[in-house]
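Q: Here is how the chains run, residue by residue.
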Amino acid sequence: MDDTDPDEALLARVAEGDAAAVRALVGRKLPRLMSLGQRMLGDAAEAEDVAQEAFLRVWKQAPRWRPGRAKFDTWLHRVALNLCYDRLRRRREIVTDQPPEQADPGPAPDRGLEARDTSVRVSRALGALPDRQREAIVLCHYQELGNIEAAAVMGVSVEALESLLGRGRRALRAALADLVER
Amino acid sequence: MGRGELAMTRERFESLAEAYGGDVSRWPAETREAAALLMAAEPDFTGAALGRAEVLDAALDAWRPAHAGSALLERILAAAPQARSRRWIDWLSPAALGAGLAAACVAGVVVGVEFSQQSSAAREVAVSNTLTAISSSLDLEEGA
Numbered sequence: 021m022d023d024t025d026p027d028e029a030l031l032a033r034v035a036e037g038d039a040a041a042v043r044a045l046v047g048r049k050l051p052r053l054m055s056l057g058q059r060m061l062g063d064a065a066e067a068e069d070v071a072q073e074a075f076l077r078v079w080k081q082a083p084r085w086r087p088g089r090a091k092f093d094t095w096l097h098r099v100a101l102n103l104c105y106d107r108l109r110r111r112r113e114i115v116t117d118q119p120p121e122q123a124d125p126g127p128a129p130d131r132g133l134e135a136r137d138t139s140v141r142v143s144r145a146l147g148a149l150p151d152r153q154r155e156a157i158v159l160c161h162y163q164e165l166g167n168i169e170a171a172a173v174m175g176v177s178v179e180a181l182e183s184l185l186g187r188g189r190r191a192l193r194a195a196l197a198d199l200v201e202r
Numbered sequence: 234m235g236r237g238e239l240a241m242t243r244e245r246f247e248s249l250a251e252a253y254g255g256d257v258s259r260w261p262a263e264t265r266e267a268a269a270l271l272m273a274a275e276p277d278f279t280g281a282a283l284g285r286a287e288v289l290d291a292a293l294d295a296w297r298p299a300h301a302g303s304a305l306l307e308r309i310l311a312a313a314p315q316a317r318s319r320r321w322i323d324w325l326s327p328a329a330l331g332a333g334l335a336a337a338c339v340a341g342v343v344v345g346v347e348f349s350q351q352s353s354a355a356r357e358v359a360v361s362n363t364l365t366a367i368s369s370s371l372d373l374e375e376g377a
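From first to last, the protein sequence lines are chains H and R.
Numbering of the first sequence is given in my numbering, commencing with residue 21 and proceeding in unit increments.
Numbering of the second sequence is given in my numbering, commencing with residue 234 and proceeding in unit increments.
Everything labelled a hint here was simulated from the structure, so no lab data went into it.
Just so it is clear, CB atoms sit at the ideal spot from N, CA and C, and this is done for glycine as well.
The reader is advised that the hints may include incorrect statements.
Derived coverage of chain R by chain H (criterion: at least 3 residues anywhere in the stretch with Cβ under 8 Å from a Cβ of chain H; other residues may be distant) [unchecked claim]:
#1 252-262
#2 265-275
#3 289-298
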């Protein structure tokens, strides 16, 4: 495994107030943060808030970043996930026992609507998973982190990560049975 | 599991496909070699397991997140480190220090001339004004 951090040099320039480096880092990380936030929270506006807050932490951390201790992307995922969990906790305090809305199971009249319907159903099925199973799938499938890195972000062993992934994907397969069974 | 899997059972192959999906290149590095051997030995079984996982992968990929709005981008960039901390460093550079010393000398000459030409009461006012001007000038540099 390559141990060099591809973000380290950029981060050093960000710390010096290099405007081009700032833009490059935002271009590199903002789509990943938006993806992470939306898949964890199921809400684009909340994902934007998480992304903005995560970047505030990045700007604060950049001058103090110590190379070699942790990969920046791993640290950033941990920060963003903590922000997501703060929001999920607040939601649980507000919402008590309302079941999630169900997607319309009726057939879609054209392919565009069908694709949108699949997208909505997947987002709801993912949203219905236990948080840790959803986190494992988001990190490994959507964020494309390796198993060691994802396990490090989650603070679990690789074996525990694999178990969370397996259980999560089996639950998704059951929830989306009509889409995925052949 | 961390040292590489030399032989892989069908059950292990299925559980890896269930966990990491139908693309073996995204499985843990230490499992890929043994997986490739099993795929060569049992193409029907392994192909079916990967196929089932791929269908779920494709369904997951149907969910595409929204892109960040331009307003968000502007807010993030507006909060990014600017040249503020560097200006302090620039201000301390030899050239800036030289300019600062020159300004202080000019101020000293102005005070000296005014001292020599004005009454004591007027001198106090002139000193006060000059110090205020220097102080304001430094404040401006610090705040820049």
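Q: Does each hint hold? Answer for all of them.
A: Now the hints, each set against the structure:
| no. | hint | in the structure |
| --- | --- | --- |
| 1 | 252-262 | holds (count 6) |
| 2 | 265-275 | violated (count 0) |
| 3 | 289-298 | holds (count 8) |
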